[in-house]
Amino acid sequence: MKKNRNVGIVGIGQSVFSSHREEVNQPEMIHEAVVEALEMAGITMADVDCVVHGNMELFEMVHQPDLWHTIGTGAWGKETLRITTGGTTGATLVAAADHLVASGLHDIVLAIGFEKLQEGHTTGGITNMADPLWGRQLQTGALTGMTAAAIIDEFGAERARKAAMTYRILMDKHAMRNEKAHRRLGLEFDQADELAVNSPALVGELRMIHMCSQSDGACAMIFASEEKAKQLCAQPAWIRDHITVHREEMFCIFGNAPVLSTHRYAAQKLFARNGITDPLSQIDVFEMYDPSSWWGMDWLREFLMLEGDAHLRMVENHDIAIEGTFPVNPSGGVIASNPIGATAMVRVAEAALQIMGKAGAHQVPKPVRQAMASGFGGTMWTVLFLLTKDIPALDERR
Amino acid sequence: MSRRVGICAVAQTPFKRDYWEERFQGMALIVLESLLEQTGLKFDETDGIQASISVSDDIFDARTISDNAMTDVLGAHFGCEEKVAQEGAQALYYATAMIRSGHVDTVLVLGHCKESQGQSRNMVTHMAFDPFYTRPVGMDFQAAAGLQAQAYLQKSGIREDQLARIVVRARNNAKRFPLPLEIDPVDPTEVRNSPMLADPIRSLHAYPVTDGAIGMIVAAEERARAICPNPVWITGVGNCMDSFFLGDRDITANFALKQALQRACRRAEIDRPQDAFDVVELSDLYAYQLPLWCEGIGLCPENRAQDWLDADGLDNHRVNLSGGTLAGSPLILGGLSRAASVALQLMGKAGDAQIDGARRGLAHGVMGPAGQFHTVLVLERDGSGR
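Here the protein sequences come in this chain order: L and S.
Under the numbering used here, the first sequence has 176 at position 172, and the numbering climbs by one with no breaks.
Under the numbering used here, the second sequence has 387 at position 378, and the numbering climbs by one with no breaks.
By construction, these hints were calculated from the structure, which means they are not laboratory data.
Wrong hints could be hidden among the right ones.
[To be verified] Calculated cross-link-like contacts (lysine to any residue; reagent style SDA-like; alpha-carbon spacing at most 20 Å):
id, chain 1, residue 1, chain 2, residue 2
1, S, 51, L, 252
2, L, 273, S, 55
3, S, 267, L, 273
4, L, 82, S, 264
5, S, 267, L, 81
6, L, 273, S, 57
7, L, 82, S, 272
8, L, 393, L, 373
Only a predicted model underlies this, so the values are computations on that prediction, with no experimental measurement involved.
Can you build the whole structure from these sequences, using the hints too?
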């Protein structure tokens with residue numbers, strides 16, 4: 005398959021992420037991100053052809069909120085598209101913007117993901133996705149202790165718990181360098197033992213400290229055709245490829261667990277068609293949708309196709325720290341900030357900032373030529389992106 | 010120019026007032042099975058359906074991630090599916106972009122909506138208003154339409170008997186069209202005596218609350234030709250968002266519709282839209298909207314709707330030979346249903362409503378209070394002269 009034309013990311017804006025953005029309403033919060041993205045790209049709304057919008061309606065209970073948000077998105081008189089896919093929404097919006105520009109329909113597209121979780125009930129909203137007859141009684145929203153139990157089974161309780169806390173504290177140290185992040189707790193490694201015992205338990209071994217936040221926030225990104233991107237930006241982040249992999253609602257309906265994870269499946273396919281044989285050396289930074297420390301740790305193994313305890317060692321050795329050999333979530337990740345409809349977009353946006361060299365205090369110290377970003381949502385759905393510093397070749401993939 | 014995109018097959022469940030006997034997944038499955046049978050396709054990343062675009066709405070379904078519960082029907086178990094949470098015509102807009110980008114060749118578009126499950130007109134669309142200024146005064150799309158109807162009827166002078174004729178015509182047309190629309194004919198007196206819904210809109214002036222699902226197979230040119238003998242090409246797409254607050258707009262001016270039309274026609278290389286189409290399908294949620302949108306498209310001269318209707322302008326321009334949205338399409342699937350009706354005409358499958366030699370058609374979708382957002386699609390078949 006041949007891509008029609010290249011698409012570059014030229015502008016990124018993020019509102020401040022917080023548990024309570026009571027001083028702004030939804031369109032005002034979005035407006036913060038849009039203004040910042042336009043400023044970075046050095047353009048105005050007059051240059052934007054199309055506005056792409058997404059979130060999850062049941063969190064705020066606003067039907068087709070792009071209609072109201074027009075006063076904050078700048079979509080008046082523009083073409084628009086609204087796409088939602090649950091937690092993956094933000095990454096799906098990036099995929100949609102990529103298609104809209106690559107197709108030749110538009111030269112410059114503004115994509116916006118947002119959520120104002122304070123205005124609804126997050127776990128109640130997520131629980132509502134399960135089948136009212138077959139699944140809802142078992143639903144605990146995004147709160148699950150299953151992965152923690154599995155890691156403890158495999159590697160023993162002491163090592164597993166310690167690694168999960170190491171992951172958590174590394175992410176907080178990253179968030180401390182990102183002034184937009186919601187939870188910046190200032191954790192130190194000597195607090196690990198105390199937190200592992202005293203943080204409130206949610207489900208099984210999943211404790212409050214392990215879990216992602218519920219945030220208010222918006223993210224905006226500006227995408228441009230190769231020609232425009234080169235004019236607007238000295239170093240755009242180029243979209244090399246992306247893949248979307250969903251899976252059935254009922255986890256075991258097509259066979260018994262364990263089954264292949266969508267993360268591993270997506271990574272295998274994406275790597276194969278882009279000539280990535282050694283992700284740890286060919287990818288310079290990874291922004292992962294990590295809803296909890298346990299999931300984050302476990303998913304390193306899936307995305308990077310690691311064997312044995314390699315993923316645990318990466319955490320224990322601080323390889324995933326900003327200064328490490330394979331930096332993961334220099335932004336602080338989802339555990340620090342989680343405005344759900346924006347969250348997956350923030351992953352791609354942060355990966356792009358790393359390539360553009362504009363991540364500020366959380367810029368990784370090594371050269372970033374290729375970055376990966378993942379979105380997660382639904383019932384273990386994956387959207388996986390590869391961004392590059394060099395302009396991708398438009399030749400046949402696969 | 011990037012490659013052409015064609016509609017290869019169309020399928021629809023019956024559109025009913027209350028489709029109680031099927032869950033939304035079941036409605037979608039009926040559509041999917043018909044599409045697979047018509048095309049012989051399977052979900053297959055090499056030579057089958059490579060991605061799915063669904064259309065539904067979380068608040069209508071009262072389900073967070075309304076596409077989550079139908080991964081199997083959308084072929085997305087270890088596959089790609091994305092949901093357009095907007096009016097259904099936008100799924101074709103997005104499918105066009107997805108295929109032209111080169112990312113995939115063959116896409117399933119499948120929308121569902123059960124308006125009967127919620128208070129569609131007064132609760133669901135009420136939730137589209139902002140919680141500070143417009144919700145507290147009880148706004149919903151129906152109330153907004155009432156305001157638009159007041160303004161437009163005053164401006165155009167359209168009479169009550171003309172509105173009644175629009176409704177009678179829509180329902181008679183629906184009977185001749187091959188898509189299963191469960192709607193009964195009415196006589197003009199019934200329309201004029203039907204209760205007031207949002208003055209001046211009477212209950213029979215409004216589209217009936219509808220349940221159903223509708224889908225299409227859409228493919229890149231070379232695939233489309235292999236799948237079916239007479240694909241319908243999506244040659245123009247365009248849409249436009251107007252301002253949110255009604256007071257910020259001239260609600261009879263068709264600003265967004267005109268912009269959407271202009272964009273679609275530019276992409277389809279059409280200079281004079283008023284003469285360009287053999288069939289036109291417009292999303293008329295209320296009777297007054299049909300002449301209003303016809304003015305926006307340029308079929309009816311501005312401010313001449315009264316005379317134009319009396320001179321059979323609707324039949325002369327072959328507008329809504331399917332019955333249109335007034336014959337019943339689920340709220341968020343109106344534009345997709347209109348595109349399906351145009352596609353069937355261009356495929357020669359419009360039954361008793363078939364226009365001989367129909368080569369090019371326009372399909373229109375609308376969303377939001379008093380037509381805040383419009384989508385226009387230009388559809389053509391081979392031999393349309395281009």
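Hint check:
no. : hint           : result
1   : S:51 to L:252  : holds (17 Å)
2   : L:273 to S:55  : holds (13 Å)
3   : S:267 to L:273 : violated (44 Å)
4   : L:82 to S:264  : holds (11 Å)
5   : S:267 to L:81  : holds (11 Å)
6   : L:273 to S:57  : holds (18 Å)
7   : L:82 to S:272  : holds (10 Å)
8   : L:393 to L:373 : holds (5 Å)
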